[in-house]
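A.B. asks: As a plain string of letters, each chain reads:
2 protein chains.
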Amino acid sequence: MQESFSVVSSSNSYQVQIGENLLEQVINKHKDSFFIIDSNLKKIVPIKFKNYIFIEATEKNKSLEKIPEIILKMREARLNRTSHVVAIGGGIIQDIVTFAASIYMRGISWTYMPTTLLGMIDSCVGGKSAINILGYKNLIGNFHPPKSISIDVSFLETLNNEQIVCGLYEAVKISYAKDIETFLSYLDCSPKLPLNNSTAQNLISKVLKTKKWFIEIDEFDQKERLILNFGHTFCHALESSTDFAIAHGIAVGMGMIIAIQFSKNENLLNDKGIERTELLKNYIKGIINNYISDLLEKYPKLDLNYVLKNFDNDKKHETNSYRIILPKDDGGLVMINKDKTENARQKIIKAYQEGLKIVGYPNF
Amino acid sequence: MQESFSVVSSSNSYQVQIGENLLEQVINKHKDSFFIIDSNLKKIVPIKFKNYIFIEATEKNKSLEKIPEIILKMREARLNRTSHVVAIGGGIIQDIVTFAASIYMRGISWTYMPTTLLGMIDSCVGGKSAINILGYKNLIGNFHPPKSISIDVSFLETLNNEQIVCGLYEAVKISYAKDIETFLSYLDCSPKLPLNNSTAQNLISKVLKTKKWFIEIDEFDQKERLILNFGHTFCHALESSTDFAIAHGIAVGMGMIIAIQFSKNENLLNDKGIERTELLKNYIKGIINNYISDLLEKYPKLDLNYVLKNFDNDKKHETNSYRIILPKDDGGLVMINKDKTENARQKIIKAYQEGLKIVGYPNF
Numbered sequence: 010m011q012e013s014f015s016v017v018s019s020s021n022s023y024q025v026q027i028g029e030n031l032l033e034q035v036i037n038k039h040k041d042s043f044f045i046i047d048s049n050l051k052k053i054v055p056i057k058f059k060n061y062i063f064i065e066a067t068e069k070n071k072s073l074e075k076i077p078e079i080i081l082k083m084r085e086a087r088l089n090r091t092s093h094v095v096a097i098g099g100g101i102i103q104d105i106v107t108f109a110a111s112i113y114m115r116g117i118s119w120t121y122m123p124t125t126l127l128g129m130i131d132s133c134v135g136g137k138s139a140i141n142i143l144g145y146k147n148l149i150g151n152f153h154p155p156k157s158i159s160i161d162v163s164f165l166e167t168l169n170n171e172q173i174v175c176g177l178y179e180a181v182k183i184s185y186a187k188d189i190e191t192f193l194s195y196l197d198c199s200p201k202l203p204l205n206n207s208t209a210q211n212l213i214s215k216v217l218k219t220k221k222w223f224i225e226i227d228e229f230d231q232k233e234r235l236i237l238n239f240g241h242t243f244c245h246a247l248e249s250s251t252d253f254a255i256a257h258g259i260a261v262g263m264g265m266i267i268a269i270q271f272s273k274n275e276n277l278l279n280d281k282g283i284e285r286t287e288l289l290k291n292y293i294k295g296i297i298n299n300y301i302s303d304l305l306e307k308y309p310k311l312d313l314n315y316v317l318k319n320f321d322n323d324k325k326h327e328t329n330s331y332r333i334i335l336p337k338d339d340g341g342l343v344m345i346n347k348d349k350t351e352n353a354r355q356k357i358i359k360a361y362q363e364g365l366k367i368v369g370y371p372n373f
Numbered sequence: 010m011q012e013s014f015s016v017v018s019s020s021n022s023y024q025v026q027i028g029e030n031l032l033e034q035v036i037n038k039h040k041d042s043f044f045i046i047d048s049n050l051k052k053i054v055p056i057k058f059k060n061y062i063f064i065e066a067t068e069k070n071k072s073l074e075k076i077p078e079i080i081l082k083m084r085e086a087r088l089n090r091t092s093h094v095v096a097i098g099g100g101i102i103q104d105i106v107t108f109a110a111s112i113y114m115r116g117i118s119w120t121y122m123p124t125t126l127l128g129m130i131d132s133c134v135g136g137k138s139a140i141n142i143l144g145y146k147n148l149i150g151n152f153h154p155p156k157s158i159s160i161d162v163s164f165l166e167t168l169n170n171e172q173i174v175c176g177l178y179e180a181v182k183i184s185y186a187k188d189i190e191t192f193l194s195y196l197d198c199s200p201k202l203p204l205n206n207s208t209a210q211n212l213i214s215k216v217l218k219t220k221k222w223f224i225e226i227d228e229f230d231q232k233e234r235l236i237l238n239f240g241h242t243f244c245h246a247l248e249s250s251t252d253f254a255i256a257h258g259i260a261v262g263m264g265m266i267i268a269i270q271f272s273k274n275e276n277l278l279n280d281k282g283i284e285r286t287e288l289l290k291n292y293i294k295g296i297i298n299n300y301i302s303d304l305l306e307k308y309p310k311l312d313l314n315y316v317l318k319n320f321d322n323d324k325k326h327e328t329n330s331y332r333i334i335l336p337k338d339d340g341g342l343v344m345i346n347k348d349k350t351e352n353a354r355q356k357i358i359k360a361y362q363e364g365l366k367i368v369g370y371p372n373f
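From first to last, the protein sequence lines are chains A and B.
The first sequence begins at 10 in this note's numbering and counts up by one.
The second sequence begins at 10 in this note's numbering and counts up by one.
Bound conformation, chain A alone (with noise of 0.2 Å):
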């Protein structure tokens, strides 16, 4: 069974497709675009066409840096502005491609197969890039969402349970922060691992048509876009502390923790807002010891006063205040400016502290 729907932007609107074994379909569609893969599915994506590069999906090549290299090989393929690109990969993949597709000659149409859960359930529509740059992690991006998505459930048994958390952890963010009705129908449906193709594909389908919601409504994260930073601001600072060895999406759901403290000492939550957020972290916390509980015993020793450095330096903040997303009243998320005192550094240390407790983060 194939579902699609659309979405739509301000420069295009895109179709989103889900089911089972596209990529043969895909394929056969663009045996004349430009295939940029990632270099793990070698083994798995049949070359059936005639340009194409691999690309490790590393934090390295997904940089300004390594942009030239990519729009050389575009140029050399003849690539004009009416050619294609697809982009077969997880989230670093889209990321390069997106940016790339973007300035090369002023912008070309690209197809995105994404390939992790992640890129399944939230990253693959809204059209963002986040790129690094003279080593300052996601400093530069934009915006050039694809001109279609296919999204093929098969790739999903190809990760393991840490990229399929990676993904959970932000669906359910997403669905959080639309609001209590999705949230709970959300937890309903939430299925137990090893995910199989049906309950994939319906879970996607869900939360992709929530996302949907936030970015017809504010495509370039001005307002109610940026509530999906939820988790983000205290996650950024985990992941670069800790030489991003916690993954993305773990980090968030960390994040979503510490911000819930956060907010809870703050005194911002009614009893209700209580009970949601304890639904939240009690869903976050339960995959952790579930599925990935041997992951946390391998993660670095954290120095709490390194992670409020980096904390400092999330792009988010302004001058003078600090710019967090968090459960407030009845655990609706608001953005919330913080003036940058030592008071307030306090504690957010405080609030890393509890969280980190509360997920048996062993060494902090």
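Heads up, some of the hints might be wrong.
One copy or any two copies: either way a pair holds, since identical chains are not told apart in the list.
[Stated by the list, open to error] Here are the computed lysine to aspartate or glutamate pairs in the EDC-like style, where the Cα-Cα straight-line distance is at most 20 Å:
1) K347 - D323
2) K325 - E85
3) K318 - E85
4) K146 - E74
5) K59 - D41
6) K324 - E68
7) K325 - E74
8) K156 - D227
9) K349 - D321
10) K324 - E78
11) K307 - D323
12) K40 - E327
13) K146 - E85
No lab work stands behind these hints: they were computed from the structure.
Keep in mind it's a predicted model, so treat the numbers as computed, not measured.
Fit chain B to the given chain A structure using the hints.
C.D. replies: The following block gives chain B in isolation, referenced to the frame of chain A:
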């Protein structure tokens, strides 16, 4: 007398302000912004702000390879998503800042003060950038219009005849492209050099409002705006074949005459079309004779086979056909696809020969 009007784009609506002595105003309004200034203007722009860089307006600096340096300066000045950039300079500075501002933290706002007539009368609106990469000229670029444009015609005093003519040729092109009335009305008020400020202001206002029509109806170069490439396909090959000894605007003038010859040889024009294109040819020739005839003597020898090779490589063509903007019937512009045959190549060379002879190119 100041004047202002707005341009609507998909991402924002921006204000264009035209007048004298606006520099001081802009600086006072944006003291906290990050200034990027053409290094030729060191003696003209008073440094009454903290964060700034000067950039030499060279093709080498208008390259992706140089972008990291600029992004680094922006990061070191601690610019965040709410920060603002002010660009003061001609087309190269505009290209660099459009691109850098568009990717820094996924896009920050900027103000543009064009300082060349070409910048003031044409490129400042529309939001396009064109950036070199690995030696390929303008292979990449994007769209990121400024939040506001302040045109201070006092900068015109700093320009020589060649720079003024570059602006006039793009201006007559825009006016010709719109319709016969707009073209005739442009010819009526096209000034003798040197330009005085009030004449310049009227002319700039008139032409920008014509360009506004094109970019509001077709921001992303899909249809109507494409005909503003009139003259450009022929012109790019002249520029690259002479190692850019011919300034872009001058080459556009020559390119339009060559395109007209191509149309005539193809019998695309009726009597009215002949009449209208003759008016344009005479205007272009007249300006060369009156103001820049000394320049022609300095241009390098052209090898037309090499010119044709560069014409072939223009990014606007499709795989199997040339895409050229040509006057047709009564002289209105259309995009024509011409199969890449030997016959077509001969006709292109013939048009170059005739066109270059008409403008008095000394050596080809």
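A.B. asks: All hints, please: hold or fail.
C.D. replies: Tested hints:
{"no.": "1", "hint": "K347 - D323", "verdict": "within (14 Å within a copy, 52 Å between copies)"}
{"no.": "2", "hint": "K325 - E85", "verdict": "between (38 Å within a copy, 16 Å between copies)"}
{"no.": "3", "hint": "K318 - E85", "verdict": "between (44 Å within a copy, 16 Å between copies)"}
{"no.": "4", "hint": "K146 - E74", "verdict": "both (12 Å within a copy, 18 Å between copies)"}
{"no.": "5", "hint": "K59 - D41", "verdict": "within (7 Å within a copy, 52 Å between copies)"}
{"no.": "6", "hint": "K324 - E68", "verdict": "within (18 Å within a copy, 31 Å between copies)"}
{"no.": "7", "hint": "K325 - E74", "verdict": "neither (23 Å within a copy, 26 Å between copies)"}
{"no.": "8", "hint": "K156 - D227", "verdict": "both (19 Å within a copy, 19 Å between copies)"}
{"no.": "9", "hint": "K349 - D321", "verdict": "within (9 Å within a copy, 58 Å between copies)"}
{"no.": "10", "hint": "K324 - E78", "verdict": "between (27 Å within a copy, 18 Å between copies)"}
{"no.": "11", "hint": "K307 - D323", "verdict": "neither (25 Å within a copy, 54 Å between copies)"}
{"no.": "12", "hint": "K40 - E327", "verdict": "between (47 Å within a copy, 17 Å between copies)"}
{"no.": "13", "hint": "K146 - E85", "verdict": "between (29 Å within a copy, 15 Å between copies)"}
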